[in-house]
Amino acid sequence: MNGGLSGQPSNFIEWFTDLENRASAAPIPEQMWLTVWHSAVAVLVVIVLAVPLAVVLAHHRRGELAASWIINIGRAVPTITIVGLLVIVSLRNGFGLVPWPIIIALVLLGLPPAFTNTYAAVRGVEPSAVSAAQAMGFSHTQVMLRVELPLALPVIFAGVRTAAVQIVATEPLAAFFGAEGLGAYLRSGLSTRDFAEVQAGAVLVAGVAIAVELGLILAGRLVLPEGVRRSARTSRAARRLSRQAAPATT
Amino acid sequence: MSEGTAITLTGVTKTFQGSTEPAVRSLDLEVAGGSIVVLIGPSGCGKTTTLRMINRLIEPSGGTITIAGEDIRGRSVTELRRSIGYVIQQVGLFPHRTIAQNVATVPKVLGWEKDRIRTRVEELVDLVGLDRSLLQRFPAELSGGQQQRVGVARALAADPPVLLMDEPFGAVDPIVRGRLQRELLDLQAQVHKTIVLVTHDIDEAVVLGDKVAVLNVGGELEQYDTPDGMLADPASEFVASFLGAERSIKRLSLSRVSDLDLRGGIWVDVSVGLDGVRAAMADSPAGWLGLVDDHRFIGWISADPLAAVASLDDLDPAPPLARIRPESSLREALEIILTSRSAAAVVEDDTGRFCGLVELEAIRRGLAG
Amino acid sequence: MTRRHALAWGGGAVALVVAALWARAQIAGLDVETQATNPIVRWEWVFLREETRTELWDATYQHLELTFIAVGAGTVISAALSAVALRLRWSLTPITAFTGFLYTIPSVALFGLLRSRFGNVVAAEVALTSYTLLVLVRNMVAGIDGVPAAVTDAADGLGLSRSRRLLTVELPLALPVIVAGLRVATVTTVGLVGITAIIQLGGLGSLIFDGFGTQYYTKIVVGSVLSVLLAVVLDLMFNRLEILLTPWARRRVAQ
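In order, the protein sequence lines correspond to chains A, B and C. Just so it is clear: in the first sequence, position 47 is 47 by our numbering, and no numbers are missing. Just so it is clear: in the second sequence, position 166 is 166 by our numbering, and no numbers are missing. Just so it is clear: in the third sequence, position 142 is 142 by our numbering, and no numbers are missing.
Just so you know, not all the hints are guaranteed correct.
[What the hints assert, rightly or not] A short, non-exhaustive set of chain B residues, derived as facing chain C with CB atoms under 8 Å:
1. ARG81
2. PRO95
3. THR105
4. GLN136
5. PHE138
Keep in mind that the hints were calculated from the coordinates and are not lab data. Virtual Cβ for every residue (Gly too), placed ideally from N, Cα, C.
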């Protein structure tokens, strides 16, 4: 531990450079990696769980009520409740806290926005493109994969992005329940009243969240050039479909 | 009917920010008090802009507008607008207020007492032909035609001398539109407001306007005349093409059957006796004759049966296929004559009393006169 | 009440009773203050312990207090920002970007950061207020913009002054959208208040935190259940308010 208040870094810039005086031993890259890793796994699980389910439900026009329920519940259940309940479950059953209970909690957090956005996106796909595909004999799976999914991709991506940012922003909370990660700096700083550490931790956490948000926006622009433009443009798939459906003379 | 408040536009100009061309260029127009003036023209001719300058929803860039001789800039804007009725195409009823509250808007703002407001609202609702049971309903519960009527009632609530209407009947279907137009004319006969109305429908302009102002792009006044005068004698190619191809037929809708001289025509009263009828038949060029008994039209008879019978009672007149009222337009008369393939239409008033006959030739002469 | 409804409620009630019986069966006569061998919910702590009621009430009260101060302040600030955005159209984008940026800052970070400078209540309230701005501004602007142009034009044409038009026409018509925004802001804030447990506040979240610290699961469960309940009740209340505020929209009879 450090030698009293006078030994603490006086502002958070110093804190970054002054390695000896830090209360928590783990270096920054290690903590950051933990946070990122927990979040990334959670996001992947969210995508795997929410997106296909939402696409299928939306395609078959089912589960509209469920979709609105999920977002309301997701909003009403406080974050700390999720983490808290997971904590009990894992402690009771001797799982320890890391990493799975944390990840499960993050997944539960990220499911509502990802699910609801995907659902709404697929429901919002231009009906004419879908009917053209169905008329041409596409099976349900083919319609979903080759028409609805590509057309809905921009909004799905936005939903996943929202979920990802929410997950990254909440992961540090786990540190207060005994995990490690960037939140550890906040936890130890607050408990030892080392405010430079708190500030540094806050900056790191906020920085990662903002970086993820901006990064995903950028990635979206690059990967989905057409999708970024508004719905006035029909996608390549839809255009190809309608060309095929109409007679060659036009 | 030149009582009421006159509106005068002198050199009125409007150029919007960011445009090089003026929307309205130096317009001079005189609206006689108590009359309906219709502004009509293609898109961009500035008709709506001009209308909205009268109640200062748009401020003129130049020129003067006076109402009853007073410059409209003399008063505060809100005070001016409370003394002018304003009706727009989408009506703009307040969705969160009942019909009664909507109509009462201006009187409430002017501070009338509750009882006075209530009486006035009921009066107006009767005036525009709505059932009083609708007063407590909300606008969303009314049909388009009903909503438009409420709009008119609301505009007239504080009894303004001037009424501005911007395509008021554009949003309803043609049948309702025709009815609303007729009702507006009936209303005007009672209230004698000075009305400026904007429309893009030439038939509406012809029906409603005491005078019509045809505007070209940029607010250029091409012609300002009565509908009949304009149809008979368009001032330019532009006006002629705007009026459309069937100008003469349009003029027919402006004149009524009662405008014609109905005294002539091939008919005879049975009181002249069988010989008198035969004599009249001899004079008739067509070989047909109408029989009238005690101011009632009985039917048509032709020459051969007439020669054969012993008395008038043995005749079997053919009932008329074309009947029309004196207040119907010449256009309706033409339509019915052509449809029924008769030579003439029988004019009867609403008690069934015979007023005369109308033939195609009479219609043509009426138009030329 | 359809048959499906009745079945759902009946099923739910049965499940609840079974769960309660199971939990009851778990109770052994152990010391209330420690969790010892661990049934998850020690019902005696909830119902029989005297201090519990006060503790629960205090936690709930603190939770509500933090929430409403933040939403209240947020409403005032958002109203000002919205007024600016509606007057000076170009300011809408920067204002939205700014409030959006605030919303992106992770709550854990913002609470900690502000706490390092200010007292914990101030830190909490400033952060909580910031998070409400995005939704509130967006809904206030959308609400007023959503008033049909024909209605505002008619209002002007009839001679209503600007302020009268705002108060008697635009605001009432915008209210449903604004209240919807208030609903989202309030429920979100309730969730965020729990996190202020990390700076020694937390309302019902502090129960969860304590429960974790002392390994007393009952507190965690009770804190969680009550937080959710609070959020749901507030959500329903605002929902009801939205409906109450629009009597005219409910009556739509086509002629």
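Status of the hints after comparison with the structure:
1. Interface restraint check: B/ARG81 against chain C, minimum CB-CB distance 3 Å, threshold 8 Å, status holds.
2. Taking 8 Å as the C-beta contact cut-off toward chain C, the hint placing B/PRO95 at the interface holds, the least distance being around 5 Å.
3. For B/THR105, the suggested interface contact is upheld, since its CB lies about 6 Å from the closest CB of chain C, less than 8 Å.
4. Annotation: interface hint on B/GLN136 violated; nearest CB of chain C at approximately 10 Å, more than 8 Å.
5. The closest approach between the C-beta of B/PHE138 and any C-beta of chain C is roughly 4 Å, which is under the 8 Å cut-off, so the hint is satisfied.
Going down the numbered hints, you'll see the structure goes against just number 4.
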